[in-house]
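*Asks:* The residues making up each chain are set out below.
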Amino acid sequence: MKECRQVFPRSAIPLICFSVSVFAADGELIDRFIEAKASAKKAPLAAIASDAEFLRRVTLDLTGQLPDPKIAREFLAGAEPKKREKYVETLIPPLPSAGLRSVMQAPFVDRWTYFFNDLFRNGELLEEGINTFYDHVYKSLILNLPYDEFVRGLITASAVSTWSDGPANFIARSHIFEGDGYMMNHEDTADEIAINTTRLFLGVSLECVSCHDGAHHLEKVNLWLSQRKRAEMIRQASFFGKTFISPAFGRSPQFSVKDTRGGYDLSTRSSLRPPRDKKLDITPAFLLTGEKALPGEKPREAFARMLTSHPQFARAAVNLIWAELMGQGIVDGPFDFDLARQDPKNPPPAPWTIQPSHPELLNALAEDFRANGHDLRRLMKMIVSSRAYQRAIAAPRGWSENHSDLFTRRVTRRLSAEQLFDAVSLTAGLKPAYKVTFSDKKVASVMQTRSPQDIDKSDAPLFRALQAFGQCDRYAIEADRKPTMVQAAILLNDKLIRERLVVQKDGRLEALLKSPDNNVLIDELYLAALSRFPDAKERADALATLKDDRARGAEDLLFVLVNRLDFLFY
Amino acid sequence: MPAQNRNRRDLLRLAALFGAEGFAPWNVSAQSRVKPRASADAVIFLNLQGGPSQMDMFDVKMGKWAPENRDVRMTKFGYSMPYGFLPKTIEHLEKLTVVRSAQAWETVHSRGQYYLQTGHAVSPARIKESPSIGSVVAYEYKERRRSRDFLPPFVSMNYQPTTMYGPLQGEGCLPADCAPLTLDLAQKNLPFFVEEKDRARLLHRWEMLQRSDSSRAALDDNSPAGMRRFESFSRSVFQMMNNPAMAGVLKVSDDERKLYGSSSFGDACVIARNMVAADAGAKFLMVTQPGWDHHSNIYGKDNKGGLYKNCPEFDAAFAALLGDLERMKLLDRTLVIAMGEFGRTPGGLTPVAGREHYADTMFAVFAGAGVRGGRVMGATDAECAKITEFGWSAKRPVYTEDACATIYSVLGIDWSKRITKTPSGRDFLYVDPAAGTKVVNFREVSDLFG
Numbered sequence: 058m059k060e061c062r063q064v065f066p067r068s069a070i071p072l073i074c075f076s077v078s079v080f081a082a083d084g085e086l087i088d089r090f091i092e093a094k095a096s097a098k099k100a101p102l103a104a105i106a107s108d109a110e111f112l113r114r115v116t117l118d119l120t121g122q123l124p125d126p127k128i129a130r131e132f133l134a135g136a137e138p139k140k141r142e143k144y145v146e147t148l149i150p151p152l153p154s155a156g157l158r159s160v161m162q163a164p165f166v167d168r169w170t171y172f173f174n175d176l177f178r179n180g181e182l183l184e185e186g187i188n189t190f191y192d193h194v195y196k197s198l199i200l201n202l203p204y205d206e207f208v209r210g211l212i213t214a215s216a217v218s219t220w221s222d223g224p225a226n227f228i229a230r231s232h233i234f235e236g237d238g239y240m241m242n243h244e245d246t247a248d249e250i251a252i253n254t255t256r257l258f259l260g261v262s263l264e265c266v267s268c269h270d271g272a273h274h275l276e277k278v279n280l281w282l283s284q285r286k287r288a289e290m291i292r293q294a295s296f297f298g299k300t301f302i303s304p305a306f307g308r309s310p311q312f313s314v315k316d317t318r319g320g321y322d323l324s325t326r327s328s329l330r331p332p333r334d335k336k337l338d339i340t341p342a343f344l345l346t347g348e349k350a351l352p353g354e355k356p357r358e359a360f361a362r363m364l365t366s367h368p369q370f371a372r373a374a375v376n377l378i379w380a381e382l383m384g385q386g387i388v389d390g391p392f393d394f395d396l397a398r399q400d401p402k403n404p405p406p407a408p409w410t411i412q413p414s415h416p417e418l419l420n421a422l423a424e425d426f427r428a429n430g431h432d433l434r435r436l437m438k439m440i441v442s443s444r445a446y447q448r449a450i451a452a453p454r455g456w457s458e459n460h461s462d463l464f465t466r467r468v469t470r471r472l473s474a475e476q477l478f479d480a481v482s483l484t485a486g487l488k489p490a491y492k493v494t495f496s497d498k499k500v501a502s503v504m505q506t507r508s509p510q511d512i513d514k515s516d517a518p519l520f521r522a523l524q525a526f527g528q529c530d531r532y533a534i535e536a537d538r539k540p541t542m543v544q545a546a547i548l549l550n551d552k553l554i555r556e557r558l559v560v561q562k563d564g565r566l567e568a569l570l571k572s573p574d575n576n577v578l579i580d581e582l583y584l585a586a587l588s589r590f591p592d593a594k595e596r597a598d599a600l601a602t603l604k605d606d607r608a609r610g611a612e613d614l615l616f617v618l619v620n621r622l623d624f625l626f627y
Numbered sequence: 011m012p013a014q015n016r017n018r019r020d021l022l023r024l025a026a027l028f029g030a031e032g033f034a035p036w037n038v039s040a041q042s043r044v045k046p047r048a049s050a051d052a053v054i055f056l057n058l059q060g061g062p063s064q065m066d067m068f069d070v071k072m073g074k075w076a077p078e079n080r081d082v083r084m085t086k087f088g089y090s091m092p093y094g095f096l097p098k099t100i101e102h103l104e105k106l107t108v109v110r111s112a113q114a115w116e117t118v119h120s121r122g123q124y125y126l127q128t129g130h131a132v133s134p135a136r137i138k139e140s141p142s143i144g145s146v147v148a149y150e151y152k153e154r155r156r157s158r159d160f161l162p163p164f165v166s167m168n169y170q171p172t173t174m175y176g177p178l179q180g181e182g183c184l185p186a187d188c189a190p191l192t193l194d195l196a197q198k199n200l201p202f203f204v205e206e207k208d209r210a211r212l213l214h215r216w217e218m219l220q221r222s223d224s225s226r227a228a229l230d231d232n233s234p235a236g237m238r239r240f241e242s243f244s245r246s247v248f249q250m251m252n253n254p255a256m257a258g259v260l261k262v263s264d265d266e267r268k269l270y271g272s273s274s275f276g277d278a279c280v281i282a283r284n285m286v287a288a289d290a291g292a293k294f295l296m297v298t299q300p301g302w303d304h305h306s307n308i309y310g311k312d313n314k315g316g317l318y319k320n321c322p323e324f325d326a327a328f329a330a331l332l333g334d335l336e337r338m339k340l341l342d343r344t345l346v347i348a349m350g351e352f353g354r355t356p357g358g359l360t361p362v363a364g365r366e367h368y369a370d371t372m373f374a375v376f377a378g379a380g381v382r383g384g385r386v387m388g389a390t391d392a393e394c395a396k397i398t399e400f401g402w403s404a405k406r407p408v409y410t411e412d413a414c415a416t417i418y419s420v421l422g423i424d425w426s427k428r429i430t431k432t433p434s435g436r437d438f439l440y441v442d443p444a445a446g447t448k449v450v451n452f453r454e455v456s457d458l459f460g
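Chains S and D are the protein sequences, given in the same order. Position in the first sequence counted from 1, then plus 57, gives you my numbering. Position in the second sequence counted from 1, then plus 10, gives you my numbering.
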């Protein structure tokens, strides 16, 4: 350890190679960068969060769900060393040594499948393809497929029918129709695939340069993109010029995806964009390097190879996962990278500044990710085991808004729409059954649904509530945790909430009311909602509430718990 | 709690609600002087989602394709209207300027709806940061809010975000409290409506929450911004729900429901009327009527479906709204607009007896807030294919941007303002003089007035 500290300032690279063997997946790699910068900026560090705060946070972040009261009791009582690391291990399912079925029920996999399905916009437009695509992502995560391999699979997938074959839905999802809404526009579709793959896997947004050069448009927005030309974007899109998405068996949205077209055609009319310059060179070339396909290499395979082997691929990936776990990216947002502002040794001209809050950390995490087989689980464990992840919500003495990108304090967020309504069900001890569309399956949590339409068709009021809480619609609305007035109204007064919080058959309240001990009831409700025991004042208040009408008081207590700010935020 | 502390906390709440994220007024500036008309206290915007058929409604045309029972006749104002489709509205023509020279920029629903709601062209880089018209109004009215105002400035009713029409446009880069309050009248149980039998318990629970939520009590200016904002939202919401007048605002009696056409669109129009009448801070009320996208069977079957469904719903609600606003002496200070995101293809019907999307002609109807009634503005050819007469001083079509400038003007908002501190770094102009790359120099449709 000591040697490492000495090696660190000289160069990041040897440290990283070394870190693979020495640090395994612990958070020390992260904390030395975070704490060095905090110290340089004289930013105070928040205290490490209590066991309860950590337990609730890490369970929500890794599995999307609240910890069960029983788990919470055990964890809070535990005194063994490294209990946090050990607990994290219990959240992540083992690799399927006994076949997939052995780990089919894994909230961790549900939650991250949901995450990628949001990113890939796996929704309504794909109809039955939703399920094949979902299964593909789910299986890939159960197997902990290396992320680069997973992405290569999506980009190169072909299929006779996306309703039978999952991964090709990824490419098919980017189809663009003509203005008439019936015919596919081939070049617009190729552009869209390039935009989506570059955004998701390199963290760079090409929408602007898909219509016009960056010059005279993006000088104040993104230095690197201001130097890009529409022609370069088209050469990136040209990797998909042969890729033909067509309605399978004559009916969309069942698609076939095949590489049977002649190539990108500059003469077709765009249904979305200004006309393309017909004299452009459209030889496929990778946007970040200008690299072309090898002789005999298929264009999509060439693109997938260049994409996943470029350092920015790993940087974008670790930043994306970091942002999801830490509440904001090292580059924030994760799809707004400015590639001309990444290298502290080669700073951009004033007034531009280096974009990442911790550029060396981002590189170190990316190197570690590449050196360890693009292992998402390893990356997640590393992040959640860091002190940076485990810092308290409460501000340290001397806190200032200027410190908000230093990760010296937890970036507090509202529960996502899915987390929140699953948390309400779990706290109330309910076991809902949401029907999976185009399937006989039923699932018991929002996080297990395949797309928002599962809820829409099973429980329309809940669907509307999820929308009000910023559920991603996998089309035009991105997931959002912003508070609104409607959300506050729903939690205070919507029938949807009220009817979930009454004493009912097989619910938590009914079970707890069977015991005469009010203290047990109060403990269990606090553990279910907040993963902790009540303090003396909270207990006294709750006891007073239960004094007259016990059942009614218990309902009120449950209502107050799910309306608490520390229930809604984590 | 000591009084001093209390005040500090209230100030913090105010800061969380109104001064969010360093969005100080210096970020907004005016580039030139325009003189807002300030002739209205509120705007009711009827969003006819899907693209209503101009040649069957306010720009009615004769053709072999049309059924006889549209009953097209000359009105006393010297222009034709379909008595079969809009009989009740026709009784209120003396309040209306019917614009027949309106034109859209888009023929895709989601892009057209974006245009209609924001008054701006779709730019992928800017979708997230561009506020909608209602949010700009909310922002502008912040400092004019009175302590007794319990309704939010921007209310949207019955807009269902869908894949086809896109999301409801909200506050963009403006503070969170400029977001629309959304009501869905098809949903029977509105979260803002407290039934009398539930009121005591809600109050009890609210007090319990204030008393025992230690995370609420611990809020200070170092607390996470989201928590502070949520807390201030829940206070305003509770204040609104607990205001005895709120139940009245949300109440639609059986008689009113019937008068307004017994539809969720009609119910929303009653509530819009109530909100205007309550004079409680609601400034921009958007009421959406879906279902105007008649690609097939536009005339339905057996006088049912298609326009036979939408027109009577619209007609009853629109006429009742205009009648009530006038009767309640509110029309002089309320601008009412009805329009869709685009028009429909002219001439004969498609093989499936419908009409496709069309941008070159469409209608927009204006009433109240000083709009001179009883007339049409502009004209189109025999099939609604082209505008033949613009009918106003700009000598060009009336665009969404012009309607937008008109809304700002009647509400006393300087529409030449711009927001200079946006996430993309590019200014957001309340009304952009250019639609995409085409510079039009949009302006208030001043010819509507006087």
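Take these hints with a grain of salt, some might be off.
Some chain S residues well away from chain D (every beta-carbon gap over 10 Å; in silico) [what the hints assert, rightly or not]:
| id | residue |
| --- | --- |
| 1 | 107 |
| 2 | 119 |
| 3 | 182 |
| 4 | 201 |
| 5 | 304 |
| 6 | 406 |
| 7 | 521 |
| 8 | 538 |
| 9 | 560 |
| 10 | 592 |
| 11 | 598 |
| 12 | 621 |
Derived contacts from chain D toward chain S, CB cut-off under 8 Å, selection only [said to hold, decoys possible]:
| id | residue |
| --- | --- |
| 13 | 80 |
| 14 | 82 |
| 15 | 134 |
| 16 | 191 |
| 17 | 201 |
| 18 | 214 |
| 19 | 244 |
Taking lysine-lysine pairs in the DSS-like style, the calculated list, with each CA pair at most 27 Å apart, reads [claimed, not checked]:
| id | chain 1 | residue 1 | chain 2 | residue 2 |
| --- | --- | --- | --- | --- |
| 20 | D | 207 | S | 562 |
| 21 | S | 402 | S | 492 |
| 22 | D | 319 | D | 45 |
| 23 | S | 336 | D | 45 |
| 24 | S | 196 | S | 402 |
| 25 | D | 74 | S | 539 |
| 26 | D | 448 | D | 396 |
| 27 | S | 94 | S | 127 |
| 28 | S | 335 | D | 448 |
| 29 | D | 207 | S | 604 |
| 30 | S | 539 | D | 431 |
| 31 | D | 138 | S | 286 |
| 32 | D | 431 | D | 98 |
| 33 | S | 594 | S | 562 |
| 34 | D | 396 | D | 86 |
| 35 | S | 196 | S | 349 |
| 36 | D | 138 | D | 261 |
| 37 | D | 261 | S | 552 |
| 38 | S | 552 | S | 562 |
| 39 | D | 311 | D | 86 |
| 40 | S | 277 | D | 448 |
Hint data in this document are derived by calculation from the structure and do not stem from the laboratory. For every residue, glycine included, the Cβ atom is placed at its ideal position computed from N, Cα and C.
*Asks:* Between residue 336 (chain S) and residue 45 (chain D), is the straight-line Cα distance small enough, at 27 Å or below?
*Replies:* violated, 49 Å
*Asks:* Would you check whether the claim that residue 182 (chain S) is not at the interface survives, using Cβ distances to chain D and the 10 Å cut-off?
*Replies:* With a cut-off of 10 Å, residue 182 (chain S) comes too close to chain D, as the shortest Cβ separation is near 6 Å.
*Asks:* Using Cβ atoms only, decide whether residue 191 (chain D) comes closer than 8 Å to chain S, and label the hint accordingly.
*Replies:* Check passed: Cβ of residue 191 (chain D) comes within 6 Å of chain S, closer than 8 Å.
*Asks:* Compare the distance between the alpha carbons of residue 311 (chain D) and residue 86 (chain D) with 27 Å, and conclude whether the hinted pair is satisfied.
*Replies:* Cα-Cα ~31 Å, so violated.
*Asks:* Would the hint linking residue 277 (chain S) and residue 448 (chain D) be met if the CA-CA limit is 27 Å?
*Replies:* Satisfied, since the Cα-Cα distance of roughly 22 Å is no more than 27 Å.
*Asks:* Classify the label on residue 521 (chain S) as holds or violated, using whether its beta-carbon is more than 10 Å from each beta-carbon of chain D.
*Replies:* Not fine: 7 Å to the nearest Cβ puts residue 521 (chain S) too close to chain D.
*Asks:* For residue 119 (chain S), is the shortest beta carbon distance to chain D beyond 10 Å?
*Replies:* Per Cβ check, residue 119 (chain S) is outside 10 Å of chain D; nearest 21 Å; holds.
*Asks:* Taken at face value, is the distance from the CA of residue 45 (chain D) to the CA of residue 319 (chain D) at most 27 Å?
*Replies:* violated, 42 Å
*Asks:* Is residue 94 (chain S) close enough to residue 127 (chain S), meaning Cα to Cα at most 27 Å?
*Replies:* The hint is violated at about 39 Å.
*Asks:* Assess, step by step, whether the Cα of residue 552 (chain S) is no farther than 27 Å from the Cα of residue 562 (chain S), and give holds or violated.
*Replies:* holds, 18 Å
*Asks:* Please verify that the nearest CB of chain D lies beyond 10 Å from residue 406 (chain S)'s CB.
*Replies:* It holds; residue 406 (chain S) is separated from chain D by about 16 Å at its closest Cβ, greater than 10 Å.
*Asks:* Does residue 562 (chain S) lie within 27 Å of residue 594 (chain S) when you go C-alpha to C-alpha?
*Replies:* violated, 30 Å
Checked against the numbered hints given earlier, this structure breaks hints 3, 7, 8, 10, 11, 12, 13, 14, 21, 22, 23, 24, 25, 27, 32, 33, 35, 36, 39; the rest are met.
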